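Undergrad: Residue numbers (our numbering), protein chains in the order written: chain E, 6 to 386; chain H, 6 to 386; chain G, 6 to 386; chain F, 6 to 386.
Heads up, some of the hints might be wrong.
One copy or any two copies: either way a pair holds, since identical chains are not told apart in the list.
Stated by the list, open to error - Capping the alpha-carbon separation at 35 Å, the derived lysine-lysine pairs in DSBU-like fashion look like this:
| hint | residue 1 | residue 2 |
| --- | --- | --- |
| 1 | K9 | K133 |
| 2 | K9 | K74 |
| 3 | K267 | K74 |
| 4 | K228 | K129 |
| 5 | K228 | K278 |
| 6 | K129 | K73 |
| 7 | K9 | K73 |
| 8 | K267 | K191 |
| 9 | K191 | K278 |
| 10 | K9 | K80 |
| 11 | K74 | K191 |
| 12 | K376 | K278 |
| 13 | K278 | K267 |
| 14 | K191 | K129 |
| 15 | K80 | K267 |
| 16 | K267 | K376 |
| 17 | K228 | K267 |
| 18 | K133 | K267 |
Treat the hints as calculated values from the structure; they're not laboratory data.
These numbers were taken from a predicted model, which means no experiment stands behind them.
4 protein chains.
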Amino acid sequence: MARKSLGIGLIGSGFIARCHVFGYRQMPVAFPAVAGIPRLEIVSDITMELAERAADQFGFARSTSDWKKVVSDPKVDIVDICVPSQLHREIALAAIAAGKIVYCEKPVGLSSAEAKDMALAAAKARIKSLVGFTYLRNPLMQLAREIVVDGTIGEVVSFAGLHNEDYMSDPAAPFSWRCDAGIAGKAGALGDLGCHIISIARMLAGEIAEVNCDLRTVYAHRKLADGTSRQVENEDEANALIRFQNGARGTIASSRIATGAKMRVGFDLIGTKGALRFDGERLGELQLYTRESNSGRVGFKTIYAAPGHLPGGVLLPGPAHGISFNDLKTIEIRDLMELATSDGSPGPDLADAARIGAIVDAMLESGATRKWVAPRIPTIE
Amino acid sequence: MARKSLGIGLIGSGFIARCHVFGYRQMPVAFPAVAGIPRLEIVSDITMELAERAADQFGFARSTSDWKKVVSDPKVDIVDICVPSQLHREIALAAIAAGKIVYCEKPVGLSSAEAKDMALAAAKARIKSLVGFTYLRNPLMQLAREIVVDGTIGEVVSFAGLHNEDYMSDPAAPFSWRCDAGIAGKAGALGDLGCHIISIARMLAGEIAEVNCDLRTVYAHRKLADGTSRQVENEDEANALIRFQNGARGTIASSRIATGAKMRVGFDLIGTKGALRFDGERLGELQLYTRESNSGRVGFKTIYAAPGHLPGGVLLPGPAHGISFNDLKTIEIRDLMELATSDGSPGPDLADAARIGAIVDAMLESGATRKWVAPRIPTIE
Amino acid sequence: MARKSLGIGLIGSGFIARCHVFGYRQMPVAFPAVAGIPRLEIVSDITMELAERAADQFGFARSTSDWKKVVSDPKVDIVDICVPSQLHREIALAAIAAGKIVYCEKPVGLSSAEAKDMALAAAKARIKSLVGFTYLRNPLMQLAREIVVDGTIGEVVSFAGLHNEDYMSDPAAPFSWRCDAGIAGKAGALGDLGCHIISIARMLAGEIAEVNCDLRTVYAHRKLADGTSRQVENEDEANALIRFQNGARGTIASSRIATGAKMRVGFDLIGTKGALRFDGERLGELQLYTRESNSGRVGFKTIYAAPGHLPGGVLLPGPAHGISFNDLKTIEIRDLMELATSDGSPGPDLADAARIGAIVDAMLESGATRKWVAPRIPTIE
Amino acid sequence: MARKSLGIGLIGSGFIARCHVFGYRQMPVAFPAVAGIPRLEIVSDITMELAERAADQFGFARSTSDWKKVVSDPKVDIVDICVPSQLHREIALAAIAAGKIVYCEKPVGLSSAEAKDMALAAAKARIKSLVGFTYLRNPLMQLAREIVVDGTIGEVVSFAGLHNEDYMSDPAAPFSWRCDAGIAGKAGALGDLGCHIISIARMLAGEIAEVNCDLRTVYAHRKLADGTSRQVENEDEANALIRFQNGARGTIASSRIATGAKMRVGFDLIGTKGALRFDGERLGELQLYTRESNSGRVGFKTIYAAPGHLPGGVLLPGPAHGISFNDLKTIEIRDLMELATSDGSPGPDLADAARIGAIVDAMLESGATRKWVAPRIPTIE
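Chain E on its own, in the form it takes in the complex (with noise of 0.2 Å):
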């Protein structure tokens, strides 16, 4: 099989955009039998050094300091877009108008608003595109969704959904672009990490009808390098009560300031006939329950990531072998892949981040109102 070859421009060199190399370079290893292969054609950052260096480290054919020459570039059909949310709408819009697939990390723009104006245009020019939930890319939260919908737990009745960690708990940490709502948007923990948990609640028990949210900054001022303080600007945490359209309830908790949490993006998943469980510490583990007649040996189950959970896929070498952030990347490259070489779409899109970007919006506004909100999911085309 002759594989399509499908040129990558790559806008920014950060923490997250290594991730997404990593994928680029296991996937077509991983994934032999997709029928389109990443070409790394050209990186861009602010500075030429910086983009010189990411092209060199990450193996690109080209570098620039200039994002608008990576959406313009002829041979690249994908953008992706690594930088923080304020430049998110800005290129976005640019690459859809050059026509190009739009790759664009969480959380999508500064604000709901902003999600929304790229996925009308995306709609509008008939665009395709992907964005970074990378959580859903877990050949275990596929399974879990299996479990779902083939029925082995029955209805699900709840939804306890979290995600901390604890980048942000020791108060002498310094006060980062993520504390800058100008830059990475209104919400803090919610924007960064609720919007995973977010997106896990919606795959696994549908579209989220309302919220009533309670959230705050802890920690209200940070250091700046040169000693003096400055005011964060979003939430260090919050908590949220849910109702789904389907009739289940459940919360959803974010926090950035969770002292111990590292990776602590997890639910418990209650259904009418069983319950899954699922701690993103450790990823390569679902745990599933099932009522069942013989009850003196009812538990819970621990199921480890295995290759046959990862159809058409090698990237597992065997059952229980580990799994990594990195690897769900390299999964989200292929969900990448399929997207630009075939109909379907593996989805999340633009569109979808726009509807997640709603509900923590609803979030925002029910902590400043004390009230339920119910998201204005938006309607795309």
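Fit chains H, G and F to the known structure of chain E by using the hints.
TA: Positioned in the frame of chain E, the structure of chains H, G and F alone reads:
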């Protein structure tokens, strides 16, 4: 040391009464240094047959089918109330009038108003009381409190607690007295289970200032023995946002239909310098995290319950030798004996039960009004 | 049902005696359907002061400083031997001669020869006996046996067991009676701990045919109270290869210096169709794996101890409500009562103890000769 | 920094070769500070079709069906041997003769004699080598070594290790090349799996002085594709007692028929002051225990792999973000690049493989003679 013998009058001989009896029988051996020991004087149940069988099995000297005889018995020092909530108020008021110490199971009364009546009467008559919030007796819960108080984990930032079980998770489970608001109270999962995690939250994170609760009865009707069905009168599950008086935030969840959850009373407590985690299904384990200078060696530590966690006691034969619900009741009886023989009060007493009831009431009210509600924490004396 | 009251004569009032007493006190309440109940008749210790204190704390009617009075007491039906191994033989032979049921702690006697003497005497006199291999009483161990016997996991292929603790792991820990071969026996870790995992191995995988053992005393001298040091006379740790009579293979390890191990009595049992795992530090959990047709959903299932695992008993108030070492002793007393009131024998008896002792002896011999040794399993009767 | 490009000649394109390729592709991005980077020059397999497909999928510039062309290729700096053991010796000797660096998968050669031949030839020719004992590359294994070396847990007292999997546990699993002593070597489970845990044991507890091993082939015959059955020529499982040169003791177990075990390579390492535990099915977690003055707060701490455990690398995006077998291979390729560009050797090399092979040989000999055997650890150079 001559230990003071205290006459016990037990009212009710069902499931939880038996757990009390396990405690009565173990306590004198387990806590040789405590000044009082229980003497199993008289037990009552609604028929003589039940009462006699209980006296025989449990080792009580006498039995009766009239609880009033227990209350008025001159040899009874402590009235132990192990009947459904509908009878708590009447019995406790009679016991208080008779000058007896009151030891009552939770939830106390059909409502916080009833609990408050009882607490006020006890205060007026200067009667001591103890309420069966069993999980507080876990030596690891006392260790958790010590860790919070001594500053090991800094100040409490958030508390996410739950008490989930699945005893009503099967839609086909029959209507039980627990579904009858006239017997069990207007609170369902919150009354039976939620009050436990509220009691833990208050001990570790302080008094609760506001709640915002979502609750519902998922299985609105259940079958009676005669095949007809009856409406369930209290909630199957509840999720609440919590604000503590000291500024901490959090959530409390409770469900009796959480398929797969057996005794899932637990919490994540996050502090500014560390964190604690607990899961009641591993009753003998507490997880402790502290931020440390050598960041390459941080992690949650699994602390097993050990003899040293129980000063003055020899109930635990060794570290990690297991701890059971009955053991917690044995420790509760120790506290009861200390209450009866000293000036101090280990708590929680009827006044605390009224306070916890007020929090449950606020949750019910919030569930109905869909608004934040400040519990009307009663002032007793 | 009128339950038969059986007079208990307890010899020794230390640590393990107290655990027996917890069992005596719980059993009548926990197992209402069993035909016998214990009556705490008389307790002895080496001084009257100790004996009287024990009678007072434990609830025995009488006390004595002469164990022979216990054995000869006409009101005593069961002689309960809770003294160090050096006295087992003499006491048991006297009790057998007096026609009493013998209930003896492990390790039985200073050697398997002594245990065999006792077993032969009991057999000759048709005296019933029970030995305190406590972990066999765990309802999850009985479940494990049921799972093995009913073929759920196929035939047993291998058994890897251990019993590690760390009570002597500190090099500065003082010389104790457990280090004295004349009191505790010539086996150290194997005598105190290893015999437990041997008892489990035999129950689950059958009789042991051959052993090959490596053992040593890591801390050869320990300090006495007077500051001088004394040679430790038995091993600190042992590792053994095992061959079972039925063809299964495995290992048994035991250490009293395993830093960090508190009650680490556990095993991995591998069958042709499934597997079991157990760790005593999580006493209420059994892990079960079965090969299944849907290979994407296989995994070890965590089964919590539940009331249904204990037929005829109400000791466990609910599933996952914890189980403690004392609870195991309560179940052991149930077995003792059934032994005393029926024709069947729950085992293990003195003959089994002699067999286990023979296996320990073979391990010691193998350790000395560095060769495979076939235990001389005694034939009793 | 200009990084030195090193030409890779890969021989074999199966399962493990692919894992190498994952490593080759990630390494330059993951370890920007390392002086060398791999250049995928040529790949061979037994047919041109296989070789070409591998070149295409893996990203090699050229392909061949003759491994000798790989060895003699002037653009090849490193010969990477990913074929069954029967071909190791011939290929490695040719590569050494051609002056290439040798990177070989385990088990090296059909026997330790073959491995020794290769190691001696490499030593004589001053050729560098690296062998794929992948688990040693785990940053947590390096942390474990650091913890042992810096005295945190005192001196090593015992090491109980295992590597169990279940890929041959189904009696109906077909005869594979792994069962053929002429292809895979005379060691079965020990050759494929046991060598890994031996490599870990040596790194953490030192060289092995004596072994005493019990082994067997449980399923003596397995079905061929044509329906006939063939005798399995090496062991399914092995259990060994171990004595280390420094006085520590322990056990090593290995099985390929351990139903339910997926990647159960792990150990309990006990020191005089602390302990370590590891289980490869939770590849990103190390458990550390240290005896502490506050005995009420001791316990095993779960340390998750974190960026700080990997100096100079950015492979891990964050703490507890997962780690996979492929990640270990990426770290192995880093070590290969460092080997190729510096004077130091990260090890293990062919000489180490010969030493590990000698230990496996001693186990096989012990299994046959039923006696303790001192491995004839070869002196190379």
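Undergrad: Decide, hint by hint, whether the structure agrees.
TA: Results of checking the hints against the structure:
{"no.": "1", "hint": "K9 with K133", "in the structure": "within (17 Å within a copy, 40 Å between copies)"}
{"no.": "2", "hint": "K9 with K74", "in the structure": "both (23 Å within a copy, 30 Å between copies)"}
{"no.": "3", "hint": "K267 with K74", "in the structure": "neither (37 Å within a copy, 49 Å between copies)"}
{"no.": "4", "hint": "K228 with K129", "in the structure": "neither (44 Å within a copy, 55 Å between copies)"}
{"no.": "5", "hint": "K228 with K278", "in the structure": "between (51 Å within a copy, 18 Å between copies)"}
{"no.": "6", "hint": "K129 with K73", "in the structure": "within (21 Å within a copy, 58 Å between copies)"}
{"no.": "7", "hint": "K9 with K73", "in the structure": "both (25 Å within a copy, 33 Å between copies)"}
{"no.": "8", "hint": "K267 with K191", "in the structure": "within (23 Å within a copy, 40 Å between copies)"}
{"no.": "9", "hint": "K191 with K278", "in the structure": "between (40 Å within a copy, 27 Å between copies)"}
{"no.": "10", "hint": "K9 with K80", "in the structure": "both (13 Å within a copy, 29 Å between copies)"}
{"no.": "11", "hint": "K74 with K191", "in the structure": "within (29 Å within a copy, 61 Å between copies)"}
{"no.": "12", "hint": "K376 with K278", "in the structure": "both (33 Å within a copy, 32 Å between copies)"}
{"no.": "13", "hint": "K278 with K267", "in the structure": "both (32 Å within a copy, 14 Å between copies)"}
{"no.": "14", "hint": "K191 with K129", "in the structure": "within (27 Å within a copy, 54 Å between copies)"}
{"no.": "15", "hint": "K80 with K267", "in the structure": "neither (39 Å within a copy, 44 Å between copies)"}
{"no.": "16", "hint": "K267 with K376", "in the structure": "both (31 Å within a copy, 33 Å between copies)"}
{"no.": "17", "hint": "K228 with K267", "in the structure": "within (23 Å within a copy, 45 Å between copies)"}
{"no.": "18", "hint": "K133 with K267", "in the structure": "within (33 Å within a copy, 39 Å between copies)"}
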